[in-house]
Amino acid sequence: MIGLIANESMKIYSRRLTWILLLLLLGITIGASVLGNVNSARAADWRTETEQLVRQYEDRLRIAELSPTLRADAENKLKIANYRLANDVPAPDPDPWTALLSFSGLIETVIVFAIIVGADIVAGEYTAGTMKLLLIRPHSRAAILFSKYIAVLLFAAAMLALLLLCGYAANVLFYGWGDLRATDLFLNGQGQVVQSTVSMQVLKMYGLSLFPIAAYVTFAFAVSTILRSGALAIGISLLIMIVGNSMIEATAKIEGLKYLPFANSDMSLYIFHLPARPEMTLNFSIAVLSAYIAALLLLSWIVFQQRDVSF
Amino acid sequence: MNHMPVVRFERAAKKVGKRTIVHDLSFDIAAGEVFGFLGPNGAGKTTTVRMMVGLIKISRGDIFIKGHSITKSFKQAIRHVGAIVENPDLYNYLTGYQNLKHYARMVPGVTSDRIEEIAETVGLTGRLHDKTKTYSLGMRQRLGIAQALLHRPSLLILDEPTNGLDPAGIHELRGYLKRLAREEDVAVFVSSHLLSEMESMCDRAGVLQNGKLIRIEKVNDLVRGGDKKLVCLTLDPAQAQQARNLMTASNYEVRSEERPGELRIPLRPDEIPAVSQMLMQAGIRIYGIQMREPSLEDKFLEWTEEKK
Ligand SMILES: Nc1ncnc2c1ncn2[C@@H]1O[C@H](COP(=O)(O)OP(=O)(O)O)[C@@H](O)[C@H]1O
Ligand SMILES: [Mg+2]
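Chains as they are written, first to last, in numbering that gives the first Met the number 0: chain U, 0 to 310; chain C, 0 to 307.
Keep in mind that the hints are not guaranteed to be accurate.
[Said to hold, decoys possible] Some chain U residues judged to face chain C by a derived CB distance under 7 Å, without partners named:
id : residue
1  : N6
2  : R14
3  : G128
4  : R136
What the hints contain is simulated information worked out from the structure, not anything from laboratory work. These figures come from a predicted structure and were not determined experimentally. For every residue, glycine included, the Cβ atom is placed at its ideal position computed from N, Cα and C.
Turn these sequences into a full structure, and let the hints guide you.
Put into structure tokens, the structure is as follows:
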């Protein structure tokens, strides 16, 4: 199995497309760091600024037609701002860790790129005709299929690591090394204000995002295995991703939607205490995503196992 | 155990929907034998190869490789097989060496020395570290053969290997397959729709038509067998059509002309006097009568005519 995974990885990293994606990711990460730096102006007096923010949030909460997510977001920020004023806890100076925490959107880039690679890894071999020679070796079809799957997951994890590493490195240029033990205020699962280590929150957010990444990769992988078309797999997966993001709002209103993967696919919602529904927890989301991953893998395996490879 | 065939077909058949693409095949191939699998396009050769290597399910019956069922003990059976199915499709974005390394990783015991050795054997050493997208079709065939032989299989399966090879390449392949069979006791299964190539390449051949095995014989017997010879009549081109009509009216089968005024007719030798007399009585001027040893092509046409 190790040999098979080595083969699949060799194939992934020997392709020009892979390196284009990695370079793009690098560029996007550095670009986001520069933009983040430009936008982070420090106020001279944190108290007046925080009081200003409090008024701003209160104004926003008075808007009647505010969407549930925005409302929750404003409430959270208000809670933290009031806590800062009451307990004399200023927001920490920006450093690489706080910057990384604001990059959660870049995880979507990793998802898109992982979808592109995952959509091709099976379908591409059918298109090129190489599947025949791959399958006539003393390995079960399951081993062939899952070695590909694991290689894509490893690639996605490598991209995530690259994002983290480059994001950190780029921000070091602006803010210095930062403090690994610096803390800030967050809301816990019950909505209480707690003090947590920023770097740990960063690692938690990126680590947990492996679940949604795996879920989208598995989806693209399954579609590509079943339909044998990489382009179709990319198209359908990206469509699902776009539709999925807009489903988070809908989930707040319709309870049944919480069992769909969409509202469970953004782990930063738990870091910032913005679950789509109050009863949804981190563990619930992980369980839902894992169930979908398992079902998609089972389906891919059954189709791959049974299929006559006749072209 | 010594006489166990390398391949045994036991009434292996393939159905797709209601249609039977390959009908019950039953035959053996021994170690050291080069077996030709002949048939026109669409006869079911590739389908048979795909069944042999487990790419498609066998609808009925089974195929055994060194005694292992390809359906029930796939891994043990496929271990002894090296194959090219249809085109030698390679990873174009990898080098020749990486392609071989890829397949070497999939079987235990293939060292990098073995990769170098097999590259040398097929004559690719100089270009081994180039991307395969720069390879010519002939080089792709060579690399295809190299990947098939990497793990020293007991059975080598080549599906239409002469497609895209020039005559020199075919000659070389022929010598190479014979050597593999003689010296390393490999059983070789070669399919082709070009019978002339099989004639000098194979020891024994099976003829497939519409998915049915219609003949299986030693190639020598295939070529020589039957009592009809191909007779070539050279006439005045202006009279060729008249002669053709006469012959057809007397129920002789006349093949298309290769050159104007040259008719080819399968005949028993004792029919020649009657035919020439008939033509001469009709006033047709015969310039020459030649008897040819029929090639496999001629035989093939003959068999397919018989079947109809
Ligand atoms: N997957 C399939 N489904 C239906 N028919 C097929 C399939 N594969 C091949 N055939 C048919 O089976 C016949 C034999 O095809 P093939 O084995 O490729 O012939 P050959 O290799 O001798 O040219 C053809 O008539 C082809 O159309
Ligand atoms: Mg064919």
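These are the hints, each one checked on the structure:
For U:N6, the suggested interface contact is upheld, since its CB lies about 5 Å from the closest CB of chain C, less than 7 Å. Interface restraint check for U:R14: the shortest CB-CB distance to chain C comes to about 5 Å, inside 7 Å, so the restraint holds. With a cut of 7 Å, the hint placing U:G128 at the interface with chain C holds, because the nearest CB-to-CB distance is about 3 Å. The closest approach between the C-beta of U:R136 and any C-beta of chain C is roughly 4 Å, which is under the 7 Å cut-off, so the hint is satisfied.
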